[in-house]
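Number of protein chains: 2
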Amino acid sequence: MSGPRSDKPDPDEFEQIAALYRPLTRGAPEALSLLDDAAVIPQRPGFDLVITKDALVAGVHFLPDDPLGLVARKLLRVNLSDLAAKGAEPYGYFLATAWPESHDWPARQAFAEGLRVDGGAFDLILLGGDTVSTPGPLTLSVTMLGWAPAGGMIRRGAAKLGDRVLVSGTIGDGGLGLRAAQGALADPTGELADRYRLPRPRLDLREALRAGASAAADVSDGLIADAGHVAKASDLGLRLDLDRLPLSEPAAAWLQAQPDRAKALLWLASAGDDYEIVCAAPQVLPGFTQVGEITASGLEVVAGGQPVDAGAGGWRHA
Amino acid sequence: MSGPRSDKPDPDEFEQIAALYRPLTRGAPEALSLLDDAAVIPQRPGFDLVITKDALVAGVHFLPDDPLGLVARKLLRVNLSDLAAKGAEPYGYFLATAWPESHDWPARQAFAEGLRVDGGAFDLILLGGDTVSTPGPLTLSVTMLGWAPAGGMIRRGAAKLGDRVLVSGTIGDGGLGLRAAQGALADPTGELADRYRLPRPRLDLREALRAGASAAADVSDGLIADAGHVAKASDLGLRLDLDRLPLSEPAAAWLQAQPDRAKALLWLASAGDDYEIVCAAPQVLPGFTQVGEITASGLEVVAGGQPVDAGAGGWRHA
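As given, the protein sequences belong to chains A and U, one line each in that order.
To convert, note that position 108 of the first sequence is 108 in my numbering; the numbers rise steadily by one, no gaps.
To convert, note that position 94 of the second sequence is 94 in my numbering; the numbers rise steadily by one, no gaps.
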């Protein structure tokens, strides 16, 4: 069908699916051209299906005026980050969108374009979904599917006493990036704000994780919280040394300028949105920095060589 | 952990998961006690995984003051109805809930209790999900998984020219039931309102469908619309004879009292929420009534022996 013109009403649900979403199936037969009520996933011998689900609400998880193409890409990437931490290869996704009336056809096109860009970049198939209307804010839910070698998914709750606690990349950039995006922090290169706006799921670390990690999670709630989730799900404890925190150049410069170094380190390790991976492993793995150890129980955080109080927020949820 | 008391704050996210949702995994190892970011679905040789996703929004898909236990059961059942139409055996589900602040702990408990009741009745495992807050209305999304024998999922778009169009059970009770629930229609036995409030997914028809149906869909948007979806997805047309519509006793009594029989039949075949199954099959199947034929193209609807105009709503979406 032809595209909508300004003198025509917005396309109906079936036209929207045909125009916006069908191209995102990338011709995969299991999506049944989005003409069915269901998708059918054939067996893949030697692999388990790994499934994760995340919901985002405008005004809660992203700013109501964030560009919708970027929101779409972030939606896919936060789910891809979960797959990365599980050592799983991305496969496809189901999408539910609840649209407010204020989001017109061009807004929906921008959203679908973001899905198209990252669907291509990460080799993802749109497998199905549901599009409804809402009197409330834009609400998005993705169920993301990936493949892990049979029995090989890396769990959150399988850390072992004495494992090292490792983290990938650099920590704190997501939190600083949010402040930069809000204009509360200078960010001359734009590096920090970019890091917040568009997470980079660490799918490149899957092999290293599968080869050597006992347990892993992605760093979305903050390093202390997510490392805590690994320890707690494993019925064990955790010691973190924040002086070993891997920092980007702008984060190191920011830390240098803070009056209370321990407090600033605690902030960097509690702010979320890093989308790096924290894991427990007997040995340091390539691409990771050791920041602590798995202990028998409790949460111990050290900064500036002194124990600091991470607070309930760190242990539970940022 | 112990239950909340009135002098204590509401449980946090992790406590809510432990208290409300972990029991719904029914001990299934693939849910990883909801302690992980993902679930892992092992291979089941000889079966394909069938996945469907539906979203419900308060004020759009259910009434804001509907009892939440009933809303939870309806949420599962509308998804189970999709699986039934695909000939798939229910397996488990992922749940995303966006809660407004106005929904306190007892409301969330009532919702979880509804999930528990029907999770048990339909042998479903809660596999994972996400719980977020929203400034908008309660928004629910379920991704439901089922198993179909390899290659045996019944598709929507596989009808054949000359197939009979069959429908299960009785049609129109869902639409009349909504009117009864709103108090706009007498319903002395409560049968109609029950039918609207709590769909009965026709999982009992899976064997018959798998044995003899070319294509199928569930009747959620109305018989004309959903039969139309089957025809359209198959690149074929449809003739429906509404004088053959299977009716319940209360629906037949209602029809008897209407001044314009053809118009009333059209209304019954356009109202949604029946959650019966419409299929295309070379022969009539047990549990089904023939209401028409698959044709080469177009939509033809007959009522009272005369062609009637089903309107764009019937062909496209009720």
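Source of the hints: derived by calculation from the structure; they are not laboratory data.
Think of the CB as a built atom: it goes at the ideal place given N, C-alpha and C, for glycine as much as any other residue.
Take these hints with a grain of salt, some might be off.
Said to hold, decoys possible - For the chain A half of the interface with chain U, some residues (derived, Cβ under 7 Å), not all of them:
#1 35
#2 36
#3 43
#4 94
#5 108
#6 134
#7 137
So, going through the hints one by one against the coordinates:
no., hint, result
1, 35, "holds (4 Å)"
2, 36, "holds (4 Å)"
3, 43, "holds (6 Å)"
4, 94, "holds (4 Å)"
5, 108, "violated (16 Å)"
6, 134, "holds (5 Å)"
7, 137, "holds (5 Å)"
Hint check: a violation occurs at hint 5 only; the rest are consistent with the structure.
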